[in-house]
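Peer 1: Protein chains in written order, with full-length UniProt numbering: chain A, 1 to 106; chain B, 1 to 375.
Hints in this document: simulated from the structure, not taken from any laboratory.
Mixed in with the good hints, there may be bad ones.
Computed cross-link-like contacts, EDC-like style, restricted to lysine to aspartate or glutamate with a CA-CA straight-line distance of at most 20 Å [said to hold, decoys possible]:
#, chain 1, residue 1, chain 2, residue 2
1, B, K166, B, D149
2, A, K14, B, D77
3, B, K233, A, D35
4, B, K295, B, D202
5, A, K14, B, E68
The structure presented is a predicted model; accordingly, all values stated were derived computationally and were not measured.
These are the residues of each chain, in order.
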Amino acid sequence: MTVNNMADPRRPNKIFRYKPPNTETNPTLEDPTPDYMNLLGMVFSMCGLMLKLKWCAWIAVYCSFISFANSRSSEDTKQMMSSFMLSISAVVMSYLQNPQPMSPPW
Amino acid sequence: GRGTEINRGKSPVIQDVPAHLQNSWESYYMEILMVTGLLAYIMNYIIGKNKNSRLAQAWFNSHRELLESNFALVGDDGTSKEATSTGKLNQENEHIYNLWCSGRVCCEGMLIQLKFLKRQDLLNVLARMMRPACDQVQVKVTLNDEDMDTFVFAVGSRKAMARLQKEMQDLSEFCGDKPKSGAKYGVPESLSILSEMGEVTDGVMDNKMVHYLTSHADKIESIHFSDQFSGPKVMQEEGQPLKLPETKKTLLFTFNVPGMGNTSPKDMDSLLPLMNMVIYSIDKVKKLRLNREGKQKADRNRARVEENFLKQTHTQRQEAAQTRREEKKRAEKERIMNEEDPDRQRRLEEAAQRREQKKLEKKQMKMKQIKVKAM
Numbered sequence: 001m002t003v004n005n006m007a008d009p010r011r012p013n014k015i016f017r018y019k020p021p022n023t024e025t026n027p028t029l030e031d032p033t034p035d036y037m038n039l040l041g042m043v044f045s046m047c048g049l050m051l052k053l054k055w056c057a058w059i060a061v062y063c064s065f066i067s068f069a070n071s072r073s074s075e076d077t078k079q080m081m082s083s084f085m086l087s088i089s090a091v092v093m094s095y096l097q098n099p100q101p102m103s104p105p106w
Numbered sequence: 001g002r003g004t005e006i007n008r009g010k011s012p013v014i015q016d017v018p019a020h021l022q023n024s025w026e027s028y029y030m031e032i033l034m035v036t037g038l039l040a041y042i043m044n045y046i047i048g049k050n051k052n053s054r055l056a057q058a059w060f061n062s063h064r065e066l067l068e069s070n071f072a073l074v075g076d077d078g079t080s081k082e083a084t085s086t087g088k089l090n091q092e093n094e095h096i097y098n099l100w101c102s103g104r105v106c107c108e109g110m111l112i113q114l115k116f117l118k119r120q121d122l123l124n125v126l127a128r129m130m131r132p133a134c135d136q137v138q139v140k141v142t143l144n145d146e147d148m149d150t151f152v153f154a155v156g157s158r159k160a161m162a163r164l165q166k167e168m169q170d171l172s173e174f175c176g177d178k179p180k181s182g183a184k185y186g187v188p189e190s191l192s193i194l195s196e197m198g199e200v201t202d203g204v205m206d207n208k209m210v211h212y213l214t215s216h217a218d219k220i221e222s223i224h225f226s227d228q229f230s231g232p233k234v235m236q237e238e239g240q241p242l243k244l245p246e247t248k249k250t251l252l253f254t255f256n257v258p259g260m261g262n263t264s265p266k267d268m269d270s271l272l273p274l275m276n277m278v279i280y281s282i283d284k285v286k287k288l289r290l291n292r293e294g295k296q297k298a299d300r301n302r303a304r305v306e307e308n309f310l311k312q313t314h315t316q317r318q319e320a321a322q323t324r325r326e327e328k329k330r331a332e333k334e335r336i337m338n339e340e341d342p343d344r345q346r347r348l349e350e351a352a353q354r355r356e357q358k359k360l361e362k363k364q365m366k367m368k369q370i371k372v373k374a375m
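Assemble the whole structure, with the sequences as input and the hints as a guide.
Peer 2: Here it is in structure tokens:
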């Protein structure tokens, strides 16, 4: 029985392993959105807590959600959870200190 | 009592009760709006990520047979000890999936990236209502040295060619002429060609290739064959020692998924002929060899690019060498100063002085020789 090697292009002896692309050498490959949103979320959380601004705290919650939606699978969930918790606590603290509803900007 | 005395005769005044004392939900309408927005975001996240996941799976199901009949390894995440096919896509995040295939003649391996739209991010969904975009499939085939001759070539949509000519290191260096209209080679006018030399274009654009390009022109964003591929131009930082970027023989295909975002899983089948084109290209590039004249031209081009690079970085490399020399001298001087034994110190100083003197004499000799030669 002859095996027609010409027809089968597969070569098990020519296998190379997958190497994830090195994002240090080419930073344009990485999407900066989750990192920016994370940072923005923390900044708004701190503003909301310190300056007792409710809308800051709400924006912080949105930022942490957006950061989560855009994050890479390899990223640490601890970081995500901590920014999320921070923004939720900013909202809660704002309402505990001042239970009045938010006034619209108009 | 006193209260009733004061209020006698005055009609009751209706005061507004402050909002937080009102026990109605209506006053919290901003908060309700916020929470509703968050719920909408979460709903969109779940729906969007599921859609992307289904599209990825549909793509893989329709391409699996072709890939498994061409590659010994289909699917690898690089972490397992043994090189066995995982038979599934790697998920990078909720909108990017990749697949690594290897173990075939004529190439090292093929990395396929399914770059879907960020359907899981409501902000992105809203942004796309104003600026429509489409899902993309990017295929990068890396080749061994013997799998490809030396040439640089690209074909794709006019916009993509204009952009890549500016952005890509190799296309800007080797394909300096304006992109040529595809109509000259029998493909639709919407496609343009960048090529290192005419022989390359004639070699690549055979009947089968022209047929593929014509039938699927709407789905082709760019096709880039290069032995000098190093990716986009990198901005060099100040003070960094400059080296020629590392190159790898590569075939890079970028395809647009039809539907402009309104894609359904069965649209993935329409991409299968494009994967056939990729496989055909791999085998074709292996056989495509420049004739003697073409090879000489190609070698000259590569030598020219390298020379230009060396010239540009000449001053920088000289400066770097100068700073290195000064550093060495300073380090030596410090060593001499730190030497505690005064005798040894004197001896080291004298040795350094003698070395300096010798260097000076050598230089003077050289200058004399040059002067004599010039005369």
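Peer 1: Against each hint, give a clear statement of whether it holds in the structure.
Peer 2: We went through each hint and held it up to the structure:
Between K166 of chain B and D149 of chain B the alpha-carbon distance is near 24 Å, which puts this suggested pair outside the 20 Å criterion. At roughly 17 Å between alpha-carbon atoms, K14 of chain A and D77 of chain B fall within 20 Å of each other, so this suggested pair holds. With a CA separation close to 24 Å, the supplied pair K233 of chain B and D35 of chain A exceeds the 20 Å bound. Distance restraint check for K295 of chain B and D202 of chain B: the Cα-Cα separation of roughly 15 Å lies within the 20 Å cut-off, and the hinted pair is therefore satisfied.
A hinted pair counts as satisfied when its Cα atoms are at most 20 Å apart, and K14 of chain A with E68 of chain B qualifies at roughly 15 Å.
The earlier numbered hints that this structure contradicts are 1 and 3.
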